Every structure is written in C-alpha cells, then in structure tokens.
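Trainee: So the chains spell out like this:
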Amino acid sequence: GQQVQQSPASLVLQEGENAELQCNFSSTATQLQWFYQSPGGSLVSLLSNPSGTKHTGRLTSTTVTKERRSSLHISSSQTTDSGTYLCAIDPHTGKLTFGDGTVLTVKP
Amino acid sequence: DAGVTQTPRHEVAEKGQTIILKCEPVSGHNDLFWYRQTKIQGLELLSYFRSKSLMEDGGAFKDRFKAEMLNSSFSTLKIQPTEPKDSAVYLCASRDNNNQAPLFGEGTRLSVL
Numbered sequence: 001g002q003q004v005q006q007s008p009a010s011l012v013l014q015e016g017e018n019a020e021l022q023c024n025f026s027s028t029a030t031q032l033q034w035f036y037q038s039p040g041g042s043l044v045s046l047l048s049n050p051s052g053t054k055h056t057g058r059l060t061s062t063t064v065t066k067e068r069r070s071s072l073h074i075s076s077s078q079t080t081d082s083g084t085y086l087c088a089i090d091p092h093t094g095k096l097t098f099g100d101g102t103v104l105t106v107k108p
Numbered sequence: 001d002a003g004v005t006q007t008p009r010h011e012v013a014e015k016g017q018t019i020i021l022k023c024e025p026v027s028g029h030n031d032l033f034w035y036r037q038t039k040i041q042g043l044e045l046l047s048y049f050r051s052k053s054l055m056e057d058g059g060a061f062k063d064r065f066k067a068e069m070l071n072s073s074f075s076t077l078k079i080q081p082t083e084p085k086d087s088a089v090y091l092c093a094s095r096d097n098n099n100q101a102p103l104f105g106e107g108t109r110l111s112v113l
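Chains A and B, in that order, give the protein sequences. Here the first sequence stands for residues 1 to 108, where the numbers follow the working numbering. Here the second sequence stands for residues 1 to 113, where the numbers follow the working numbering.
Just chain B, same shape as in the assembly:
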C-alpha cells in the first residue's frame, strides 16, 4: 500500500516567490491535513479537507497560504508570497475517518532566503 507522498522533499525559495507543495493522500482516504512544523511553534494546522471540502482554512495562515484539493487523490499548498519566517517542514497527512490515526507523509522542508 502506498503511503502519503509529498513532493518535493526539499525546496529553497527566495523571499517573495510563489511555491507550490504537493501531496498525494492514501487512496480511499476521506480526510486530508496540511500541517507546518517548526522548532518554536511545533505542529500547526494549516488546512483540513473532508471529502475534498475545506473544513478548516488555518485562521492566521489564510492570507498567504492556500490549500486546494481538486480531486480526491491530489492536494496542493500554495504559499504566495513566501517570507523567511515560512521556513519550516510542511507535512501532509490523510486518514479514512475520525476514528483512525492520520498517516503522515515525509514532509517538504522549505527554506526561504
């Protein structure tokens, strides 16, 4: 069984650029999450989809972060424009339902210069 696949694994961007991170959830999973992980803030939820519908758009992350799920097998997270404080590991996770633990991808490590 394929797990959650995230690409790219590493991304380096200059301040002001637009970057798009990609995630393929586990086939058949209904829920998809985007999290950001930093040493200072820990894991912060960016977006949450259920059956492709956006359930949570991450509050404070709304203005420059946009997650989309155009079909059940693919999601993107766009950061526009990037800022140095966006440097972090971005994790995507999926699960079948509320009673299951989500499966996490390997993450994308973003560095913004």
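Isolated chain A, as found in the complex:
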C-alpha cells in the first residue's frame, strides 16, 4: 500500500482563508518534510518536521509521530500560495518517499 497519503487531493480557497493539509504515513519516519511545487516548477523545501510543531512565516506544521500523521497549516492564504504541496518521509532508508500531493488554488 501507499506509504504516504495526503488529503485533500485538491483545495480551493478565497484569498485570506486558511488552509489545512494532512499527511498520513504507514511507516515510522526519521524525517518528515513538506515541499512546495509551483505549477510547472521544481520542488522547494518548506519545513522539516519529524515531530512536534514548527512555524515559519505563515506556515505551521504539526507532526504526531505516534499517530503517524502531520499537518501543514497555511494562514491568510495568498494567490501566490497556489501550487502543489507534497509531504515526504524517510522511513529509515536514507531516501524520501513522497505522497501524491495536495493541489491548492487560491482565488483573488
């Protein structure tokens, strides 16, 4: 089965609304990372958060290791936040396994 599952698959918001993205994983993970991919662009790391809560700018990630889940909260969304958000884990192998992503569309 798929090691990393993300939900929702897509999300449409009005500018200024908050977004909550979920990531569930089936293996224990030494690393959990959130990436952003702009339409047609490459991947950029947003946050590394194997456990606990981390903040950067308008992003907050909370990972509950025992429950094998992580969330990414985007506050006060902007149109430039539109793109795909990918969750990836390293299940003690040294390499990252990715989820299918959440496609976020923020309308003006």
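Hints in this document: simulated from the structure, not taken from any laboratory. Remember, it's a predicted structure, so these values are computed and weren't measured experimentally. Even for Gly, the Cβ is constructed at its ideal location relative to N, Cα and C. A portion of the hints provided could be inaccurate.
To be verified - Calculated cross-link-like contacts (lysine-lysine; reagent style DSS-like; alpha-carbon spacing at most 27 angstroms): (1) B:66 - B:52; (2) A:95 - B:52; (3) B:15 - B:62; (4) B:78 - A:95.
To be verified - Distance windows between CB atoms, simulated: (5) B:54 - A:17: 43 to 49 angstroms; (6) A:67 - B:71: 28 to 34 angstroms; (7) A:40 - B:98: 42 to 48 angstroms; (8) B:53 - A:48: 22 to 28 angstroms; (9) A:17 - B:18: 46 to 52 angstroms; (10) A:7 - B:3: 27 to 33 angstroms; (11) A:58 - B:30: 28 to 34 angstroms; (12) B:78 - A:57: 16 to 22 angstroms; (13) B:111 - A:27: 32 to 38 angstroms; (14) B:78 - A:93: 22 to 28 angstroms.
Stated by the list, open to error - Sample of chain A residues lacking proximity to chain B, with all beta carbon distances greater than 12 angstroms (derived): (15) 15; (16) 31; (17) 33; (18) 48; (19) 95; (20) 107.
Start from chain A and add chain B according to the hints.
Mentor: Only chain B this time, still in chain A's reference frame:
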C-alpha cells in the same frame, strides 16, 4: 551558491532511442537522487547515491534505466531504449546529509513519441 543543474530542460525522443539526462549536484553534497514525476504516479525514486556509491537502483526501473555517478560533481541517467510511457519530468536532487532536505533541480521534461 549554484543549485542543482539539470540538462537538457526539454528532450524529445522517438521510441527506441537512447537518451542521457545530466545532473550537477550542489558542490560538496554527498547524496544524489533521481526521481521521475508523472501526474498518475507522482514522484518515484529511480536512483540514490551516497558518496558516489549506488544505494538504491530503483527496483522496477532497473531494466532500461541506468544512473551513474563517475565523480562527485556529475551524474547521468540513461534510458535505453525509450518507450512512450517514459514521458515524464525527471528530477535530480542533492543534499549534504540525512538531516537536510534535498535541493531539487528544475527537471528535464522528456517526451517520447
């Protein structure tokens, strides 16, 4: 600081051809990854090198895909022979160690006709 450089950015091949994609990792990084990205399958790992040693050869991708890293500053991914189902974006990434997020290149968009 130069990031991960991939060439070419776009490649069009006919079925049965051999193509070679290139990647220059960030100087000093020890780990290098090749991923394939499609809308249906998402991101799939093709190869993983640590200090130029092949750690992962991508399982199902073994038969026609071969990644090499002859020196620490250059890697190639050869697809031979190409098939239409190989049409995808091929991404290269590098990182210093396990605790860092990998830096990704812009990718090579391959179309096989």
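Trainee: Look at each hint and say if it fits the structure.
Mentor: Quick rundown of the hints versus the structure:
1. B:66 - B:52: Satisfied, since the Cα-Cα distance of roughly 14 angstroms is no more than 27 angstroms.
2. A:95 - B:52: 15 angstroms, holds
3. B:15 - B:62: At roughly 18 angstroms apart (the allowed maximum being 27 angstroms), residue 62 of chain B and residue 15 of chain B satisfy the hint.
4. B:78 - A:95: 21 angstroms, holds
5. B:54 - A:17: 43 to 49 angstroms: Given range 43 to 49 angstroms: holds, Cβ gap about 46 angstroms.
6. A:67 - B:71: 28 to 34 angstroms: 44 angstroms, violated
7. A:40 - B:98: 42 to 48 angstroms: Cβ of residue 40 of chain A to Cβ of residue 98 of chain B: about 30 angstroms, so the range 42 to 48 angstroms is violated.
8. B:53 - A:48: 22 to 28 angstroms: 25 angstroms, holds
9. A:17 - B:18: 46 to 52 angstroms: About 49 angstroms separates the Cβ atoms of residue 17 of chain A and residue 18 of chain B, which means 46 to 52 angstroms holds.
10. A:7 - B:3: 27 to 33 angstroms: Given range 27 to 33 angstroms: holds, Cβ gap about 31 angstroms.
11. A:58 - B:30: 28 to 34 angstroms: 33 angstroms, holds
12. B:78 - A:57: 16 to 22 angstroms: 41 angstroms, violated
13. B:111 - A:27: 32 to 38 angstroms: Hint holds: Cβ distance 34 angstroms, inside 32 to 38 angstroms.
14. B:78 - A:93: 22 to 28 angstroms: 24 angstroms, holds
15. 15: Nearest chain B Cβ is 26 angstroms from residue 15 of chain A, so the label holds.
16. 31: With a cut-off of 12 angstroms, residue 31 of chain A comes too close to chain B, as the shortest Cβ separation is near 7 angstroms.
17. 33: At about 5 angstroms from chain B, residue 33 of chain A fails to clear the 12 angstroms cut-off, so the statement is violated.
18. 48: 5 angstroms, violated
19. 95: 5 angstroms, violated
20. 107: 22 angstroms, holds
Violation of the numbered hints given earlier is confined to hints 6, 7, 12, 16, 17, 18, 19; the remaining hints are satisfied by the structure.
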